[in-house]
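Chains as they are written, first to last, in my numbering: chain A, 224 to 335; chain W, 32 to 143.
One or more of the hints may lead you astray.
[Stated by the list, open to error] Under the rule of at most 30 Å between Cα atoms (straight-line distance), these lysine-lysine pairs were calculated in the DSBU-like manner:
(1) K73/W to K294/A
(2) K226/A to K130/W
(3) K130/W to K294/A
Simulated from the structure, these hints should not be mistaken for lab results.
All values reported here derive from a predicted model rather than from experimental measurement.
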Amino acid sequence: DVKVTQSSRYLVKRTGEKVFLECVQDMDHENMFWYRQDPGLGLRLIYFSYDVKMKEKGDIPEGYSVSREKKERFSLILESASTNQTSMYLCAVVSSSTDTQYFGPGTRLTVL
Amino acid sequence: GENVEQHPSTLSVQEGDSAVIKCTYSDSASNYFPWYKQELGKGPQLIIDIRSNVGEKKDQRIAVTLNKTAKHFSLHITETQPEDSAVYFCAVLNTGGFKTIFGAGTRLFVKA
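With the rest of the complex left out, here is chain W:
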């Protein structure tokens, strides 16, 4: 079955710096790659996603890149702010099925 590895598990950056979180997956049939942000006491919330026919997607300070050949995708946050502090999860789905596989999560700390 699909396996998703996420790195790093913890990331600390200074306000204004960039943060990068990487995920690798194993199933080449996977074609949908969302990223979720989970703030303290809340459920995860979708922040950006990318499909396999696209290599990069950007939404303001957040971008996701996908390398299908190498089976990895990354979340990039630029100009980080304290409110970006949260746990971030990558996920992988083959849209022909039901199961989304999640990475173990990255706890991001943005220091003011």
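Chain A extracted, bound-state conformation:
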């Protein structure tokens, strides 16, 4: 199985701060995803990347950006955190041979 790690389990930031969430995989998969998870809304796609330096907007990209400089690492950036970005953030990696998504443990971000 793919191991997906996320830089922090819990994070508390202030409004207006720049926030970096990092995701690292231990395999060589091209496709990586960032989701946010909110009660009753399921998982919503923020951004995804299908190769180094490639990125595509998901369903809710506003207020976020991403960076993929190395294949194993996909970063989510909140340029200026706002309280409505308080959420659980999940990174996922997809095996193109099986279509299976492997998720990291999540980062619970609180913006005060």
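Take the given structure of chain A and dock chain W to it, following the hints.
What follows is chain W alone, placed relative to chain A:
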């Protein structure tokens, strides 16, 4: 675009009983249907999946059925145990694309 509806949002069963969670989707081109289990404090984990050329798949106490004509698929858990308590997500993917669409989730409680 694809829309996935999942029911019920909450399900409570007695240990040993069966649990059934249903999902409907809208895009007939969708061809991959995974189910994920999310335990408290963890990321979702794949528990079973089915592809459009198969009507049913079973793995020990877990089974998934797919009705492509009616565009719905279901997760069946038999002989439930307290450790089955978690949030379950259905998902839908057209493997020609990148985006997996998730249901809103079902919180399953198994009472001992």
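Results for each hint:
For the proposed pair K73/W and K294/A, the alpha carbon gap of about 24 Å is at most 30 Å, so the pair holds. Between K226/A and K130/W, the direct Cα distance comes to roughly 21 Å. Compliance with the 30 Å bound is thereby established for this hinted pair. For the hint pairing K130/W with K294/A, the CA-to-CA distance comes to about 19 Å; that is within 30 Å, so the pair holds.
No hint from the list above goes unmet by this structure.
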